[in-house]
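> What follows is each chain in one-letter form.
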Amino acid sequence: MRFQSFFIILLRFFQKDNTCIHSQAISVNTPYDIPLLCNILSLLSLGLLMVFSASTHLSELQYGVSFYYGLKQTVSVFLGLILLCIFIILPLKYIMKWHLYILIGTLLSLICVLLIGHKVNGSSRWLSLGVFNIQPSEFAKLGVMIYLSAYLHKKKETLNTEKASFLIPFLLLIACTILLLLEPDFGSTIVMTGSVIGLLFLVGMPWKYFIWIISSTVIGGILMVLREPYRMTRFIAYLDPWNNPFDSGYQLTQALIAIGRGSWLGEGLGQSIQKLSYLPEAHTDFIFSILAEEFGLLGILLILFLLLRLVYCAFKIGAQCSVKKSHFAACLAYSIALLWLISIFMNIGVNLGLLPTKGLALPFFSYGGSHILASCCMSGLLLRIQYELKTTHLTDIH
Amino acid sequence: MKLSCILNFCVTTWPHRLRLLWYMISLIVLLIIGRLIFLQGINRYFLQHESEQRVIRYETIFASRGMITDRHGQALAVSTPVHSVWSNLTKLYDTPVDQIEQLAHILKIPCSMLLTLIQKKKQATFYYLKRHITPDMMQEIEKLNISGLYFQREYKRYYPSGAMMSPVLGLTNIDDHGQSGLEWQYHDQLLGINGQNRFLKDLHGHSIEEPEMIHSAIPGHPLTLSIDLRLQYFSYRALAEAMHKIQADSALLIMMNPNNGEILAMANYPSFNPNNRLDYSPVTARNRIITDQFEPGSIMKLVTLSAALLSKQFTLDTLIDTRPGFMMVDGHLVKDVSKNGIIPMQDVLIKSSNVGATKIAFKVGQNVLIDLFNRLGFGGPTGIDFPGEAWGHVPYMYPALKNIELSNLAYGYHMSATPLQLIRAFSAIANGGFLYPATLIKCNKIIQGERVLPKWIADSVRQVAEKVVSKGTGRRAQIPGYRIAGKTGTAHQISEKGYDKKKYFSSFIGMLPADNPQLITLICFTGVRKGTYYGGALAGPVFAEVMSQTVRILGIPPCSDL
Chain A
1 MRFQSFFIIL LRFFQKDNTC IHSQAISVNT PYDIPLLCNI LSLLSLGLLM
51 VFSASTHLSE LQYGVSFYYG LKQTVSVFLG LILLCIFIIL PLKYIMKWHL
101 YILIGTLLSL ICVLLIGHKV NGSSRWLSLG VFNIQPSEFA KLGVMIYLSA
151 YLHKKKETLN TEKASFLIPF LLLIACTILL LLEPDFGSTI VMTGSVIGLL
201 FLVGMPWKYF IWIISSTVIG GILMVLREPY RMTRFIAYLD PWNNPFDSGY
251 QLTQALIAIG RGSWLGEGLG QSIQKLSYLP EAHTDFIFSI LAEEFGLLGI
301 LLILFLLLRL VYCAFKIGAQ CSVKKSHFAA CLAYSIALLW LISIFMNIGV
351 NLGLLPTKGL ALPFFSYGGS HILASCCMSG LLLRIQYELK TTHLTDIH
Chain B
399 MKLSCILNFC VTTWPHRLRL LWYMISLIVL LIIGRLIFLQ GINRYFLQHE
449 SEQRVIRYET IFASRGMITD RHGQALAVST PVHSVWSNLT KLYDTPVDQI
499 EQLAHILKIP CSMLLTLIQK KKQATFYYLK RHITPDMMQE IEKLNISGLY
549 FQREYKRYYP SGAMMSPVLG LTNIDDHGQS GLEWQYHDQL LGINGQNRFL
599 KDLHGHSIEE PEMIHSAIPG HPLTLSIDLR LQYFSYRALA EAMHKIQADS
649 ALLIMMNPNN GEILAMANYP SFNPNNRLDY SPVTARNRII TDQFEPGSIM
699 KLVTLSAALL SKQFTLDTLI DTRPGFMMVD GHLVKDVSKN GIIPMQDVLI
749 KSSNVGATKI AFKVGQNVLI DLFNRLGFGG PTGIDFPGEA WGHVPYMYPA
799 LKNIELSNLA YGYHMSATPL QLIRAFSAIA NGGFLYPATL IKCNKIIQGE
849 RVLPKWIADS VRQVAEKVVS KGTGRRAQIP GYRIAGKTGT AHQISEKGYD
899 KKKYFSSFIG MLPADNPQLI TLICFTGVRK GTYYGGALAG PVFAEVMSQT
949 VRILGIPPCS DL
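So the protein lines, in turn, are chains A and B.
Under this note's numbering, the first sequence has 172 at position 172, and the numbering climbs by one with no breaks.
Take any residue in the second sequence, note its place counting from 1, add 398, and you have its number in this note's numbering.
Be aware that a few hints might be false.
Stated by the list, open to error - Partial chain A-side listing against chain B, Cβ under 10 Å, derived:
hint: 1; residue: PRO245
hint: 2; residue: GLN254
hint: 3; residue: LEU256
hint: 4; residue: ALA258
hint: 5; residue: GLY262
hint: 6; residue: LEU308
hint: 7; residue: LYS316
hint: 8; residue: GLY318
hint: 9; residue: LEU338
hint: 10; residue: GLY349
As the list claims (entries may be wrong) - Now the stretches of chain B that chain A is said to cover, found in silico as 3 or more residues with beta-carbon under 8 Å:
hint: 11; segment: 417-424
hint: 12; segment: 434-448
hint: 13; segment: 589-601
Since the hints were derived computationally from the structure, they do not count as laboratory data.
A quick note: this is a predicted structure, and the numbers were derived from the prediction, not measured.
Idealized CB from N, CA, C, for every residue including glycine.
Could you build the full structure based on these sequences and the hints that come with them?
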């Protein structure tokens with residue numbers, strides 16, 4: 001009982017916020033979840049602010065102007081808002097209808113990036129589209145999950161009887177994993193694998209399969225770590241970063257120093273010292289550390305709350321959809337929640353030294369156009385599902 | 399039950415597996431928060447300390463070294479701010495070659511040398527490219543805008559007095575530390591305390607904010623010498639002129655105030671230009687007045703005469719038979735320059751009779767003579783603060799000296815002394831019998847001297863010495879209108895094979911005015927090899943020249959009754 005009370009306190013926090021605003025007059029007039037939208041928008045704006053703050057020094061060094069990265073991110077956020085609006089308007093049934101094309105597009109883009117990709121830091125993750133560089137793996141994660149949701153929706157009757165129905169998702173997962181690992185993009189691979197397994201778990205995959213899959217992925221992961229020497233050094237550095245703080249442990253120790261400098265209340269916006277070339281990737285994968293340095297524990301808890309509230313909302317919407325027997329919407333909402341959740345936990349875990357270092361963006365915060373656009377798509381989808389849940393559009397899919 | 403109601407509202411309506419997942423998520427969130435509290439709360443002191451080690455840098459503000467001035471405040475050694483250029487060679491390694499060429503051109507270093515240096519020491523993050531560059535050079539380098547070049551503000555020692563004071567003042571090294579002379583001796587006093595700035599730097603070493611001063615630089619204390627630069631100037635010039643006419647190793651002049659031991663001028667010739675290191679040689683850098691010892695020769699007859707009076711066996715008029723102008727002592731010949739016959743004792747000094755001095759010494763005995771030598775400070779320190787001071791040598795009272803040795807002692811051989819010891823000892827004769835410690839530092843308080851001779855003996859000897867100048871060997875040191883007491887000395891110098899027949903130590907000691915001396919000056923020429931070598935003929939005119947300027951400058955009135 002006592003153990004449970006921890007969760008209760010934590011959950012009450014969520015619930016209170018949710019109900020308080022929810023019960024206001026706003027939601028009576030509109031079927032849209034305004035608090036959720038505010039949550040998304042505040043995350044987007046906070047993220048933009050942090051990119052401005054964390055990238056100025058690097059931008060000055062590289063381009064001689066302070067806001068090169070910041071302004072680029074602003075453009076991405078605006079494009080993302082347009083995408084968000086499109087997905088709010090777009091009825092879910094079309095997505096359901098187009099799920100195969102989405103999958104084909106996803107796989108094609110992943111193959112394209114391997115063939116004509118543009119190399120940064122030894123991995124070809126970017127497709128050059130003239131003005132913009134696109135990172136297809138960010139969209140691929142969503143694409144695969146959309147297809148999977150539609151697939152599970154179609155198979156929902158036979159899911160528990162026909163054992164082969166779990167085969168297709170796994171073949172798909174393996175194919176994508178191979179494509180992602182060829183880039184290589186270890187972070188996206190983990191997020192995708194985790195999300196697929198998580199989704200299958202939620203839709204009721206038998207426990208024995210589940211144990212089977214978990215053990216095989218863990219073994220696969222270990223093999224992958226052992227095969228590539230750079231992953232091995234990263235792994236050792238993660239175990240004891242202070243052993244070699246100027247070589248293999250450099251990035252992690254600098255991240256930990258940034259977090260430690262933040263203390264309870266932080267140094268204040270723009271006062272970070274670690275972003276002054278000390279912490280590599282301060283504006284992308286390690287923006288969380290800069291966040292911790294500038295806003296302290298208090299600020300981090302606020303941001304953690306905003307991020308988790310988003311995930312919670314997605315799960316809640318999924319749960320409500322599954323009650324209403326709208327399987328596709330439920331799976332999609334779960335998928336979105338899982339994609340975000342795993343990215344957040346991975347990124348924060350890496351920043352805090354709880355997980356080995358790997359390149360993975362923090363949703364809404366890290367610099368990078370593709371993941372912001374993907375997150376906006378996901379936000380738009382989520383808001384659409386919520387909208388259709390409130391109105392009766394969901395039944396269209398049945 | 400109420401709590402479970404809330405839980406119910408929150409997730410219990412959720413499907414079973416989703417609820418399970420949510421509990422797992424909550425656990426992970428708790429883990430993250432715990433880790434955050436650990437890092438930001440408990441472990442932050444360690445992390446902040448690590449950060450400070452990487453971020454905080456201290457910068458030295460060099461303090462200027464104290465100024466050395468003469469007794470009237472004229473600058474003798476000053477520190478001027480200059481810049482040194484140093485480089486982070488790791489960064490310079492990436493600089494294009496044409497920029498390196500320009501840099502080498504400005505710094506006047508061969509370009510190939512600079513390039514090989516950068517190649518060889520590319521790991522060095524601190525390397526002085528050139529110390530003490532001119533402001534023009536610094537501006538030109540700044541215009542090149544090469545990253546990895548830095549300037550350090552330092553001080554360079556500059557000596558306005560040039561060569562005339564250099565052996566006395568000594569030198570500092572490139573780091574402004576005293577290496578010789580007074581710069582070495584008074585290093586602790588002259589040395590300033592460096593200040594410190596604290597600043598935060600980014601990874602590339604740029605300062606993030608305005609440096610915070612931990613403590614400011616405290617300049618070193620100034621040092622006021624007893625030297626009078628005007629007298630020093632005339633002394634040095636007179637020595638230089640004299641050295642042009644003769645062939646000698648060096649010329650030394652020391653001028654002292656006999657009433658308190660202050661040295662007013664101390665000139666060595668040849669000397670070196672302290673502002674140009676190429677001019678430096680260990681031979682010319684030595685302050686020979688303090689570091690070199692010589693057998694003084696006849697000049698010591700002043701002491702022999704004092705000993706004679708002290709023993710009460712002689713008066714100034716006691717007759718001494720110097721016939722036939724030479725005598726044999728232990729098989730050695732002791733000889734006078736001229737045949738003097740039977741003379742009163744004072745004429746031993748005036749005519750500088752070696753035979754007479756020998757006879758006095760035999761009668762007085764070695765104990766009285768050596769005791770007086772010791773009391774006058776021979777064979778011991780003069781009290782001056784100067785590195786490398788020589789003490790000279792005086793024979794011991796026991797065992798008994800051979801006759802020839804005692805004879806030699808009477809006219810200034812078989813012992814050695816530095817010019818400084820000589821002038822200090824003869825100051826006692828000038829000031830009525832007091833011995834003062836010699837000093838190069840201006841005295842602001844009255845110093846009590848140590849009485850070493852009764853006043854009547856000092857006065858009597860001085861009266862006789864006045865006659866040396868007026869009618870004896872020191873005639874060429876006369877200055878019209880002034881009473882001068884003095885004594886000449888000429889001694890063979892020692893070379894590798896005993897006494898060198900052609901190498902002389904010629905000296906003249908003079909006191910002025912003779913009735914109450916204000917100044918005592920010793921002029922020595924060492925290693926005189928050709929031409930006139932008699933102290934009177936060589937050093938006397940230099941004395942007259944220097945002192946006639948000195949009395950004018952110091953305003954010492956001429957004697958009225960002459």
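> Next, verify each hint and record whether it holds.
Going through the hints against the structure:
1. PRO245: It holds, given that the least Cβ distance between PRO245 (chain A) and chain B is near 8 Å, below 10 Å.
2. GLN254: With a minimum Cβ separation of about 8 Å from chain B (threshold 10 Å), the hint on GLN254 (chain A) holds.
3. LEU256: 6 Å, holds
4. ALA258: OK, holds: ALA258 (chain A) within 10 Å of chain B, min 8 Å.
5. GLY262: 6 Å, holds
6. LEU308: At 7 Å from the nearest chain B Cβ, LEU308 (chain A) passes the 10 Å test, so the hint holds.
7. LYS316: 8 Å, holds
8. GLY318: Holds. Min distance 7 Å.
9. LEU338: This interface hint holds because 9 Å falls under the 10 Å limit.
10. GLY349: 8 Å, holds
11. 417-424: holds (count 5)
12. 434-448: holds (count 11)
13. 589-601: holds (count 3)
In the structure shown, no violation is registered for any of the earlier numbered hints.
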